[in-house]
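Protein chains in written order, with the numbering used here: chain A, 624 to 1080; chain B, 624 to 1080.
Read the hints as simulated data drawn from the structure, not as lab findings.
From the three backbone atoms N, C-alpha and C, an ideal C-beta is built for every residue, glycine too.
It is possible that some hints are incorrect.
[Unchecked claim] Cut-off 27 Å, straight-line C-alpha distance, at most; resulting in silico cross-link-like pairs (DSSO-like, lysine-lysine):
id, chain 1, residue 1, chain 2, residue 2
1, A, K974, B, K974
2, A, K830, A, K812
3, B, K972, A, K909
4, A, K976, B, K883
5, B, K898, A, K909
6, A, K659, A, K675
7, A, K974, B, K898
8, A, K702, A, K812
9, B, K972, B, K830
10, B, K974, A, K909
[Unchecked claim] To list a few chain B residues with every Cβ distance to chain A over 10 Å, as calculated:
id, residue
11, K659
12, N667
13, H684
14, L765
15, K883
16, Y906
17, T917
18, N956
19, Q965
20, P994
The residues making up each chain are set out below.
2 protein chains.
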Amino acid sequence: MNNKIKSYLQENREAHLHELFDLLAIPSISALPDHKEDVSKAANWVAESLKKIGMENVTIHPTKGHPVVYGDWLHAEGKPTVLIYGHYDVQPVDPLHLWDSPPFAPEIRDEKLYARGASDDKGQTFMHIKALEAILQSEETLPLNFKFCIEGEEEVGSPNLPAFVEENKELLAADVIVISDTSMMERGKPTICYGVRGLAGLQIDVKGSNSDLHSGLYGGGVHNPINALVELLASFHNENGEVTVEGFYDQVLPLTDEEKQAYQDLHFDEEQQRKELGVPALYGEKGYSYLERTWVRPTLDINGIYGGFQGDGIKTVIPAEAHAKITCRLVPNQDPEIIVDQLKAHIEKNKPKGVDISIALFDKGAPYVTPFDHPAIQAAGRAYEAVYQVPTSYTRGGGSLPIISTLDQVLHAPIVLMGFGLPTENFHAPNEHFHLENFDKGMETLCTYWFELEKSL
Amino acid sequence: MNNKIKSYLQENREAHLHELFDLLAIPSISALPDHKEDVSKAANWVAESLKKIGMENVTIHPTKGHPVVYGDWLHAEGKPTVLIYGHYDVQPVDPLHLWDSPPFAPEIRDEKLYARGASDDKGQTFMHIKALEAILQSEETLPLNFKFCIEGEEEVGSPNLPAFVEENKELLAADVIVISDTSMMERGKPTICYGVRGLAGLQIDVKGSNSDLHSGLYGGGVHNPINALVELLASFHNENGEVTVEGFYDQVLPLTDEEKQAYQDLHFDEEQQRKELGVPALYGEKGYSYLERTWVRPTLDINGIYGGFQGDGIKTVIPAEAHAKITCRLVPNQDPEIIVDQLKAHIEKNKPKGVDISIALFDKGAPYVTPFDHPAIQAAGRAYEAVYQVPTSYTRGGGSLPIISTLDQVLHAPIVLMGFGLPTENFHAPNEHFHLENFDKGMETLCTYWFELEKSL
């Protein structure tokens, strides 16, 4: 990357942030039907933004859910093609009262940009657009061919993207796929994530009597749906923090000695992590380090539970119903379909008496790993090092990007995950934010990468 | 009871129901601070109603919480005094969408009066007032002396009544205490409840990290507060439905053979009960019948649980907090103070790792039993039989009336529980209602009782 590009980014910083504010102000929450218009508005915004920098064939592809925005620039004759994937939808914002500033009124405090989507993933998607703008404005051309595929359903498990990718595999064909939707290890420590966990989950609905009951009149006579639910849920783990679902670990690839060593070399400070999270102790499957547990070991988490009285004080009720949402993070080579069957079998086997149980499945995503010595990944590492001036860490990520396995299986291209977020930036939580240091350095890194990649492939 | 009184009740039925509608329309939910004014309004309504029928010394006694309404009529010289206890406060109404008609817009459908408090306890308290009105209007006098003590905090565990009773024990002194706040066994089966269960409970608050976390990035690294909570809650019972809290059953009076036989003689139809409740099976402590489990065995129920995402679909969050409310129904001679200490010890012993646990205590009530051959109870049985024309059943009740042990311990008078509700009337649940058949027969029974009682004491 030359100084002209760098100067362009510096000179246009305020204008870029101003533009990003507009995108962040759109409450494009894909999970909530009431926000359908907003999600559509965000798709239009992204399409306009692509056109403005000179992308061609910009199209908003309708799906059964929210649309996919496509755009390309294919004038680097004979050069490889990069597909940039991102998403313009965001997570719900509840509990709203815990936000220090409104989630859709972006605000910079202490060089951090606060807004829902600031980091996950509007901010990171926007950086890709502006990095190409910088090169085009400075050089009037790009070193590689580029395609954008920006979807609006990532936060609800990308239910319609597999069909879209399958139907448009010629349109999306690429030599490398680049995604910026993950985090760096920590501040100042650039990181390439070469594998992510998959996802499988379901909702458990417990139904007892026809109606809420008085716990004095009926207590002891019927099974309380909440009591029944907690018994069932507690059966998913043993005292070592292991998941007790039969067969759950059967397909898990054991960690190699080389990988184990590589993780130890990261000198991850568990005590520092504990302090930052504010917990009395870190916790998880016995016999594994924190990084191993969050990167290469599968989990089962209860993401939501509700039933009975939630107000202040006491209401002596036996509720008619109780509910829980559980998801598993999966690692290679666990198959989400098999895991869901195992979860169902576990529930059937541990079904509490005296109540009815029903389940509803959530969308699934397979886990994924790319060899970390792949040239596209090593070029990314060099780009980070050129900008951040420290060695790049190669990690695996805990989060699931359900689309990754689809992109892998349909497009057969290596996937490079270049994350510019930080683990402390409250993805999916109140007060999501994005460190502007990584907004600036991230765009420089991307510009550098495209030239490095051109030399490597 | 003479025909003049009966005619008075019949002739004034519409007017009485109309009056009761006004009381039921006041949303006097004692648990919710927003309804403080409504609770106060209901207290005034009761006081005015007592004055109107000729009660004297009517006073609204302020407490630290909601007020107690007192009134008396003490002109039956040389005759015993009856203290009538009731409550004008009601339970919360959530979930509101399950009500077929608004909870505070009373409506008669199919000879049942639908409204929050219709049965528990505004309806039953109102019957006492109107029964005395009927006698006074017909006879210009009463066969006994009467005192009313109508409180506004029963549904939140009567936190201020013990102090009130202690400070006013001269004012409230009586030879018999009568309470109508329980149920008949079933329709057409008049029932005197000669014992009730006590109550002890607490809220468990589990706190994990500072903020909600992304379950992909952190899952496996920290203990999920919901996972931790369900593990703790599941530890309260074993597979036989027994409570595992150490010492929990130590003070429980075993059922006598005589009582066991008396319950068998009731020929309670468990299958019918199962069908009415709409559950696949009844459930509870192994080795006991349904009636034994709900009347004379203690329980531990989770009345509410909440944490994480409760919306539609999926949100892959590890919440920062999770909460549960638990209460135990206690039987003689369990001491609520000891039980609370045992619960706290159980929580301490089974405390999950990696999270912080805090607890908040709820108000307590001791269990209570009166000998069922006491003359005041036998007179009540005769009054029921005279009106309902079937034998009276003598039962024990599952519900707790926390005030009973206070009244017993401070006033040293036998307590007669004459319930006119039905177990199917959705106390504490949506669509609470009151069968008007028992409104009519109940008032006749009360009028009959006062004359029977005068002859017995």
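The hints, checked one at a time:
Annotation: proposed proximity of K974(A) to K974(B) holds, straight-line Cα distance about 25 Å (limit 27 Å). Proposed proximity of K830(A) and K812(A) is contradicted: the alpha carbons are some 49 Å apart, above 27 Å. For a cut-off of 27 Å, the pair hint linking K972(B) to K909(A) stands: about 21 Å separates their Cα positions. A C-alpha spacing of about 26 Å is found between K976(A) and K883(B), which places the hinted pair at or below 27 Å, so the restraint holds.
Of the pairs offered as hints, the one joining K898(B) and K909(A) is violated, with about 46 Å between alpha carbons and a cut-off of 27 Å exceeded. The suggested pairing of K659(A) with K675(A) holds, with an alpha-carbon distance near 25 Å, which does not exceed 27 Å. For the hint pairing K974(A) with K898(B), the CA-to-CA distance comes to about 21 Å; that is within 27 Å, so the pair holds. This hinted pair does not check out: K702(A) and K812(A) have alpha carbons roughly 31 Å apart, beyond 27 Å.
Restraint check for K972(B) and K830(B): satisfied, since their Cα atoms lie roughly 17 Å apart, inside the 27 Å limit. Proximity of K974(B) to K909(A) is assessed by CA-CA distance (about 18 Å); at most 27 Å being required, the pair is judged to hold. The claim that K659(B) lies off the interface holds: its Cβ sits roughly 13 Å from the closest Cβ of chain A, which is beyond the 10 Å cut-off. With a least CB separation of 24 Å from chain A, N667(B) remains clear of the 10 Å interface cut-off, as annotated.
Once the 10 Å rule is applied to beta carbons, H684(B) is consistent with being away from chain A; the minimum gap is 22 Å. Distance to chain A confirms L765(B) as a non-interface residue, since its nearest Cβ pair spans about 32 Å, more than 10 Å. The non-interface label for K883(B) is consistent with chain A: the shortest C-beta to C-beta separation is roughly 16 Å, beyond 10 Å. Against the 10 Å criterion, Y906(B) falls within the reach of chain A, whose nearest CB is about 3 Å from its own CB.
Taking the minimum C-beta to C-beta distance to chain A, about 4 Å, the non-interface status of T917(B) is violated against the 10 Å cut. No Cβ of chain A approaches the Cβ of N956(B) within 10 Å, the least distance being about 18 Å, so the stated non-interface status holds. Consistency note on Q965(B): stated as away from chain A, and its beta-carbon is indeed over 10 Å from all of that chain's, at 18 Å minimum. Residue placement check: P994(B) keeps its beta carbon more than 10 Å from all beta carbons of chain A (closest about 22 Å).
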